[in-house]
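Participant: Chains as they are written, first to last, in my numbering: chain A, 1 to 475; chain B, 476 to 779; chain C, 780 to 988.
By construction, these hints were calculated from the structure, which means they are not laboratory data.
The structure presented is a predicted model; accordingly, all values stated were derived computationally and were not measured.
Incorrect hints may appear among the rest.
To be verified - Simulated coverage check for chain B against chain C, where a stretch passes if three residues somewhere in it have a Cβ under 8 Å from a Cβ of chain C:
1) 645-659
2) 704-716
Said to hold, decoys possible - Here are a few chain C residues that sit away from chain B, every Cβ distance over 10 Å (derived from the structure):
3) Leu783
4) Thr822
5) Leu831
6) Ala834
7) Gly835
8) Leu846
9) Phe864
10) Val872
11) Leu888
12) His894
13) Glu896
14) Lys987
Quick reminder that beta carbons are idealized off the backbone N, C-alpha and C, glycines included.
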Amino acid sequence: MLLFLILFPLAGAGTSLFLPWYQGRSWLLPLCGGLHLFLTCLLLNSPAPQLGPWIGLDALSRLVLIVTSLLYFGCAIYAVGYLNLRRDRGNKIIVPCLLIFLVAMTLAISARHLGLLWMAVEATTISSAPLIYYNRNRLSIEATWKYLLLCSVGIGLAMLGMLFIAYAALVSGAMSVSLQFDSLLSGATILSRPWLHAGFVFLLVGFGTKMGLAPLHSWKPDAYGEAPGMVGALLAGGLTSVAFLAILRAVQLMTAAGDGDMARQALLGMGLLSMAVAAIFMVRQPDIKRLLAYSSVEHMGILAIGVGIGGLATFGAMLHLVNNALTKGCLFLAAGNIQRAYDSKKLSRVHGAIATLPISGSVFLAGFLAVTGSPPFGPFMSEFTILRGIFSSGQVWIGLLVLFLLGVVFIGMGATALTATQGEPVHLETDFKDSFLLVISPITFLLIILMLGVYLPEPLQSALRDATSLLEVQP
Amino acid sequence: MIGRIALQLAVLLIFAPLPLGVINKTKALFAGRIGPPVLQPYYDLGRLWRKGFVISRTTTWVFLAGPVVGLVVPLLAALLLPFGGLPAPISFTGDLILFVYLFGLSRFFTAAAALDTGSSFEGMGAAREVTFSCLAEPTLFFALLVLARGAKSLNLGSLFGSQLAGQWQGDASASLGLILVCLFVVLLVENSRIPFDDPNTHLELTMIHEVMVLDHSGPALGMVLYGASMKLMVMGALLVRIALPIQTGSILLDLLVFLAGLLTLAVLIGVVESTMARLQLPRVPQVLVGTTLISIFALVLVLR
Amino acid sequence: MANLLLLLVILLNFYTLGSARLVACIRAVALQGALLALLPLATHGPTGHALLLGAGALLFKGIFIPLLLLRTIREVRIRRDVESFIGFVPTLVLGLLVTAGAFIFSDFLPLAHEHHEGLFVPTALATMFCGFLMLITRRKAITQVLGYLMLENGIFIFAVLLSAAIPLMVEAGILLDLLVGVFVMGIVLNQISREFTSLETERLTALKE
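My request is simple: use the sequences and hints to build the entire structure.
Facilitator: Okay, structure coming up:
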């Protein structure tokens, strides 16, 4: 079933290549996305699906899988409406690419072999490049080029990191050289330390580039800014989670080898830097999509800090992974609607969104409140948990710094988001209207994070606890 | 001792024009021609020797000193160098510096002879020749230093001694490979071969070495050509010895291996000349700096 | 044998860094890829794994990717010479420095006993560094692709040492990723030249804070 889950979108991609029917191609997306979500739910209820030694799901990957699948389904529904608006640009390329992107993400999530993981993550880079280039103008070329080159080079470094870890096994001499994750974990204590550490650093840098941790985030605002809204949502919510999962694998390995503290320190440092950089660039940001991109950098920083602190904060980070993905989905889709309506994403043109586009504008504003961590939304809960974890671990100064940065982000983001949404209605030059397909997904995402902020269902709690405990396994 | 010297000189004098013939033959075959006979350089030398001198009235004795020094220097240099398995007849510590500067001496006199004619073309050629040679010199030095490091000695005889064969097996093989490439480039530059210079060009503007000897005629031109061919052989001997560090013990066999290596080298030069276009003049220094860097790198490799 | 191959790889690094002609650069990188294809055979002997890996590397790194790039430069009709932010000689000097640095550095690495003598690790590092140098110093987008390929070549050298750790399926996937990646880059290059009428990355500066 796992294999089917990974491969059936590929069949969908093949079908879409030969389907000479515009609407049909568009509807393939929610069809595949829905089937994917359905199968994922089935898989989650079955005990530990495993497919040979290379592919399998553990608690961590289940969590990422369900989030990604949910986000993808939402984006797929949105995509139907979006592609209807963009008949001029066609969907012959974007639909297969989106489906392959889904395949690559699922494969990356379920990979139990580092080589396979690498291959799948690189495949996500390649399949998402045409998505970013969808608008076919100078700016999107530039964004695509930067994205492609930076991420490819970054991923190349991650490959080197993997090889270093394999070399650590080779130098230790006592175990068979393999990149199969379970065998690496079981033999982690005898891995040669210097190579393991070097490998971790390269993996962190490589997948950190993909995830968009500062100082390796420079492609992020460009790519998110120029890509269509749903692609931004998929990248910011899905792909970053996948890259984060890859980093968590490295952390798992380091923890199993008894060097978890070093890994956590590195994550903590990069996380704080990401938050600081994001906060600086978010103040007076005149472009709503770039604003969201920096917000993504910030939240990647929060995730890294959560895992870097450990304990309760790790639990918070896992919860935040879910919240961040869905909130970003909601925001990017709403921002995409606003951009379509105003034919711009600059503050100079965009204002009075609530009055002009009642639904998209309101969802955007609510999403802004959610993403900055205001109650009663889910991100408030997760950020609060992380902060509690930080303070209870005794690192008061880090806690205060995070609080301060969150405050700066709130103010910086608020200035832009409020200007965009408040004010008199403007006369739109485009004939864009909030339609059912375009608003149902962001509203659903918003409702889910609202629910997560008020009530955490027991199955999710236990899933989060399982994922957290995987990261805490000591040698 | 005397016998050794005589043998070395005899080998040099007899076989020096042969590689030139092989190069020309190779090039001809690449171009689809039959080409001149392999022994053509010998015939050319004989023909030139029978002709008379034509000497410009503006020149002085320096003009004639050029060809003479050009002829004598390779003979002296050859005495310091083992020819394949044949050990060097004369050997003392530091003779590698003498070896390099002997060629500097001959270059000085060739350039001086060119300047002596007062022709602007020849002056230009002299300037180019000197520039490229002084860029090629560091490469030669660093290459020799790499060998010196391996031999733990500073005389050419032991530099090219029997330890080379062992070095190819061991750690230093990388360095040896690198300096082999560098020395090949130096050989091409010093002997004015394509892609650095074209020995057959007919346009003075593009000439480097050829333009310097335009005014020589008859036996003097013969001496220049003979000297040039011996220079090719002496520098080729460096390469052949590094590439084929075989020592059989029997003089005849060693000599045969050496000559076979030399002719292979000549074929290789012919192939390079046939397949490559000439480099732009500004690119030549870049290439030479490149080989210098590679030879420095080779030195770093053996020093580490 | 392996050392000789690696030596040629280093020489090709220098050649690529110093070469002024784009086609020559592409050929050099292609040759490097083809040489690397021999590396598994030279290291592990003619086992099935090594043969397939070598064939794959030859096909992708030595043939498909260079053909793709050559076709791209034919299509976009760009000027055939490489332009660099710094001169060729300084690039070469930097290349030498990083290569020598790689060799010295790898002496300090805790290598497995059997790798102390060989050139594998230093060459891998040196090739990666030279690839980075290409990425950073060259102006044209296509030379950046070449730099990326050199980087991958360096990583490949390291991977050959560890080919036991990486199953053939994954190797194939990695090579395929590389090919498709370069293919996509080629398409983007085409679009860049169509939009900007040049391949200079300096034109790609509209997006910034």
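Participant: How does the region 704-716 of chain B fare against chain C when you require at least three residues with a CB closer than 8 Å, holds or violated?
Facilitator: With 0 residues close enough to chain C, the hint is violated.
Participant: Test the statement that Leu846 of chain C is away from the interface with chain B: the closest C-beta pair must be farther apart than 10 Å.
Facilitator: Given that every Cβ of chain B is farther than 10 Å from that of Leu846 of chain C, nearest at about 21 Å, it holds.
Participant: Does Gly835 of chain C really sit off the interface, with its C-beta more than 10 Å from all C-beta atoms of chain B?
Facilitator: Fine: 27 Å to the nearest Cβ keeps Gly835 of chain C off the interface.
Participant: Run the C-beta distances from Leu783 of chain C to all of chain B and say if the shortest one exceeds 10 Å.
Facilitator: 6 Å, violated
Participant: Verify this label for me: Val872 of chain C is non-interface relative to chain B, using a Cβ-Cβ cutoff of 10 Å.
Facilitator: 6 Å, violated
Participant: Taking C-beta pairs only, is His894 of chain C more than 10 Å away from all of chain B?
Facilitator: Correct as stated: the minimum Cβ-Cβ distance to chain B is 13 Å, above 10 Å.
Participant: Confirm or reject: Phe864 of chain C is not an interface residue toward chain B, with every Cβ-Cβ distance exceeding 10 Å.
Facilitator: 17 Å, holds
Participant: Taking 10 Å as the cut and beta carbons as the points, is Glu896 of chain C off the interface with chain B?
Facilitator: 6 Å, violated
Participant: Non-interface claim for Thr822 of chain C: all C-beta distances to chain B beyond 10 Å?
Facilitator: 16 Å, holds
Participant: So Ala834 of chain C supposedly isn't at the interface. Is its beta-carbon more than 10 Å from every beta-carbon in chain B?
Facilitator: At about 26 Å from chain B, Ala834 of chain C clears the 10 Å cut-off, so the statement holds.
Participant: Taking 10 Å as the cut and beta carbons as the points, is Leu831 of chain C off the interface with chain B?
Facilitator: 28 Å, holds
Participant: Is the coverage entry for the region 645-659 of chain B by chain C consistent with the three-residue Cβ rule at 8 Å?
Facilitator: With 6 residues in contact (Cβ-Cβ under 8 Å with chain C), the coverage given for the region 645-659 of chain B holds.
In summary, the numbered hints that this structure violates are 2, 3, 10 and 13.
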